[in-house]
Amino acid sequence: MSDKKLRIMVAKPGLDGHDRGARVLARCFRDAGFEVIYTGCHQTPEQIAASAIQEDVDVVGLSCLSGAHRYLFPAVAKLLQEKQAGDITVIGGGIIPEQDFQPLYDSGIKALFTPGATLDSIVDWVRTNIKPRA
Amino acid sequence: MELGKRIKAGDIRAASRLIRNIEDNVSEAKTTIKHIFPFTGNAHVIGITGSPGAGKSTLVDGLIEWHRKLDRTVGVLAVDPTSPFTGGAILGDRIRMQRHAEDPGVFVRSLATRGALGGLAKAVGDAIHVVDAMGKDVILVETVGTGQQEVEIINHAHTVIVVLVPGMGDEIQAIKAGIMEIADIFVVNKADREGSQKLHRELMTVLDMSKIPKDGWRPPILMIGNAFDPVEFDRGMTELTEKVKGHYDHLISTNQIGDRIRRKTRHELNEALRSCILEPVMKMLVTSGELDTMIDVLLKKESDPYTIAEDVAGRYLQDCIKP
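These protein sequences, in sequence, are chains A and B.
Numbering follows the working numbering, in which position 95 of the first sequence is assigned residue number 95; successive positions increment by one, without gaps.
Numbering follows the working numbering, in which position 228 of the second sequence is assigned residue number 228; successive positions increment by one, without gaps.
Think of the hints as simulated: they come from the structure by calculation, not from any bench.
Quick caveat, the model's predicted, so the values are computed rather than measured.
No incorrect hints appear here.
Simulated crosslink set (SDA-like; lysine to any residue; CA at most 25 Å straight-line): (1) B:K5 with B:D24; (2) A:K5 with A:C28; (3) B:K245 with B:G135; (4) A:K5 with B:K34; (5) A:K5 with B:A272; (6) A:K4 with A:R133; (7) A:K110 with A:D87; (8) B:K69 with A:T44; (9) A:K131 with B:P81; (10) B:K8 with A:R133; (11) B:K198 with B:M180; (12) A:K83 with B:G10.
If you want a taste of the chain B side facing chain A, the calculated C-beta under 10 Å gives, among others: (13) S16; (14) T86; (15) G92.
Positions of the beta carbon are idealized from the N, C-alpha and C atoms, including for glycine.
Sequences are here, hints too, so could you generate the full structure?
What follows is the structure, encoded as structure tokens:
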């Protein structure tokens, strides 16, 4: 009787202590039946990538409200690639201007959610696009 | 086979994936466990248990730091609860351990209980084997926040640390059965708070009342102060690590380690028997819908649980059931 669960990591890269949104999302993913690994604030991309691999997650959800997303999000995606973990999907959210979307998509970020995105729409995106491995 | 080799070579992705396969009950996981089993049993397994918010993760972080200073590699299995309603979980123990995230000598894996009741996840036993086969010298197993009865950790750990904080109840709590009996080491954490001396005294009284110190080892009671007071916390951690080492040496010198390993192995075999005998039968009853039919019969009082169970046993266990 196989019981495949989706594992998702919610992480806050960089110098950004505003984690209300990340915690609300963590809770929301929990209620959707996912196993959510929350790593707290002020994480380096290196810490996030290493943790994602140790935890064998399907998705890493990055939250950034500091404006440094153009550097931090691609850094996480790149590190995962380098560690042969490019199959782990990276998504992001936060205060992200529209003109930054394309460069972020180009760097390997699969989806972006900005203020106004409903919790349901985020969970639905994960449900539709991510299948638990195993 | 392939996965087993990669795990022995210390491949983190392979190890984490195998732990996931065990959690998800994927059948190939058993094959890999069979393959790595001969290479397990080398690590010192330390269990850390105590009530929610007692400071278990912070102490685990301190223990990682100490072992790393001695150049010992460390595996951590940290368990947090699964929602009984949605099946989801928030696994937040590693927040306290993130300074070690990039250290190749440290492997931290969070597990959700997925309905297991003893304070651990069902997968913990096999997950310990995986981390052991990776060659980690020490394995720290952090239970969920426990109450009184969640003592499953004794079936897995060589050394059990019970973490208590002041203000959790009167002295009667200290003489109750269950979690208060399983400690090899007591930690009174957040000892800068009011009531810690009283808690210490109560624990002393409890230990004084035990006629024979458990296995010739009287569990020490350590006071550890505020984690944000680095000097005081460090002093407490140093004492804790000395006692952890002292306990392990005691187990070895008195050969009680053998008894602990036997208990662990017995438990493991129990689990394997359950998974190979009971679970297939349950699965068959569930998928065929027979289980629901049986419940209907019981609700109408047309039979009773024992008659039905004996009937099922009769179908599968002919050799064991004597008329």
